[in-house]
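The residues making up each chain are set out below.
2 protein chains.
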Amino acid sequence: MVDRDDRTADRMLVAGAEGGVLVFGITPPRLSTTPERIREITAATLARLDFLDVDALALYDIADESDRNPAERPFPYLPTIDPAVYHAEYLGGWNRPAVIYRCVGKYTEAELRTWLQMADTDRVLSVFVGASSKGKAVRTGLSEAQALRLDARPDLLLGGVAIAERPEEHQRLLAKHQAGCAYFISQVVYNPDAAKSMVSDYYYACRERQLEPKPVLFTLSVCGSVKTLAFLKWLGVDVPRWLENSLRHADDTLAESYQHCLANARDLIAFCRKLGMPFGFLVESVSIRRVEIEASVALAAELGRLLGRGRPSA
Amino acid sequence: MVDRDDRTADRMLVAGAEGGVLVFGITPPRLSTTPERIREITAATLARLDFLDVDALALYDIADESDRNPAERPFPYLPTIDPAVYHAEYLGGWNRPAVIYRCVGKYTEAELRTWLQMADTDRVLSVFVGASSKGKAVRTGLSEAQALRLDARPDLLLGGVAIAERPEEHQRLLAKHQAGCAYFISQVVYNPDAAKSMVSDYYYACRERQLEPKPVLFTLSVCGSVKTLAFLKWLGVDVPRWLENSLRHADDTLAESYQHCLANARDLIAFCRKLGMPFGFLVESVSIRRVEIEASVALAAELGRLLGRGRPSA
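Keeping their order, the protein sequence lines are chains G and B.
Under the working numbering, the first residue of the first sequence carries the number 7, and numbering increases by one thereafter.
Under the working numbering, the first residue of the second sequence carries the number 7, and numbering increases by one thereafter.
Bound-form chain G, shown alone (with noise of 0.2 Å):
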């Protein structure tokens, strides 16, 4: 891939006052993947972004979850590879920003201090994520974590997950943004009401403390199957009857997904240009099969139009 263009991370954040920052998100291969065959997915990945003109690339950090949702986990939890160690031993080839979520809880202060340490802040932006539930054991609370960002490398963007579901959100954004947090990324939006409900909270909670509101990035993901739905739903998120029904009924779900993505996106696009709310888009796929992952990169395509971009010149 050849070096074409500048961007950074703290450019990358203008992007969402302006026109709207794009992110793919990808999840690291399983741990217990072979390094030659890492390298083919990773190639592949590469490949398939160079068409894209996306601001970074979020890099997952998966953690066992069971602890949240005593439902059978519809797809098993496999364990990935460290992201950073991905980000670091692989990811040489792509050249603008990467989003290395950090699950802080399985990290101890003197590992996470480290890698703040190290990291290159021109390349590297970071979100924290705290615990899954409120009974499991971590290494290191969100709290912790985030002062230890601020002692020890306050130049690293760091951003914060956004639940639209949870009542009172705006109050934890606002307290997350006053620790320090650049910007927010949402879990998986199937319900824009409630995306824009706590978007609008925040906006006039900044307003009313002067505060400038971070760019809010709106998670979008298509579902291929009743499977993948079942899948969403045990993550939290929260799919209104109508749009279930839909995808039940449909001819073809992913099809069908794809088209509901596009509007709530155009939905979310149009509501925050009007309420001045800096804003963009993350796009992943929370299923590994290859049609749901090509759905999700001709869908982050189509938001690059969206948000005015073309494709991006070689």
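There is no bait here: all hints are sound.
For lysine-lysine, the following DSBU-like pairs were computed, each having C-alpha atoms within a straight-line distance of at most 30 Å:
id	chain 1	residue 1	chain 2	residue 2
1	G	K239	G	K140
2	G	K112	G	K140
3	G	K239	G	K112
4	B	K140	B	K233
5	G	K142	G	K233
6	B	K280	G	K239
7	B	K239	G	K280
8	B	K280	G	K233
9	B	K112	B	K140
10	G	K280	B	K280
11	B	K142	B	K233
12	G	K140	G	K233
13	G	K280	B	K233
14	B	K142	B	K112
15	B	K233	B	K112
Don't read these hints as lab results, they were simulated from the structure.
Since this is a predicted model, take the numbers as computed values, not measurements.
Chain G is already provided as a structure; the job is to place chain B on it using the hints.
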């Protein structure tokens, strides 16, 4: 007003399966109004409606619903003329169907039976409304009234109330459908997602039982002030937080709510057409302020255009 068409009650509902029904709703004048003033008000109302190509005029039966909500009613309850009396005595100039609401608990079975036997079923439809709370004393219950109609006047087209905010509302719609309801009229819709879920659940439940779904008319009402917003919420209307924020912060609440009503109508039209669900709209003003009534008339005119109607030929 000239007799400009031969629209009858049953033809009105056919429109629901074709392009969408359009009804305008009004509350009869207060009981304390003098006959002369009632004639003036009625003439002004009919002059406004003369510009609209609506299928019917709905006349509400206002009950004191203070039992339904312990909070103070933002607008005081004032008894109004019985809609059947108002229709018979003052609306001779209205030559299209009228949808006469009946809060059945207010009447004895004998009163209802007499009215049913007298009704001109070419020009009159009804909507039976049950008690506003379980504890309320009623002269006739909803099931009794439905049975009475089946016995005394099965050719009177009967409608039922649809409240999308209630869980499992589609089960109530099915029960009303099976008790003879030929259409439904929703509570005021400020949350199209809830309305879509109710309609979707009802549609698929009908399909499972090999029933033809009956048209659902969505009620739209503009909101010109924070007081009207409070009244809508008192009535049980679910207003999404983002929409409430946008109304509270708007420079012009009425214009803002008008745009939301239109956007919701577009959403519901597209949804019902895609699903193949017969539908329509009822436009009313929950407030008696002149600017809100005039905005309602403008909204009904614009809905007529959205439904593909022209200005009626005189």
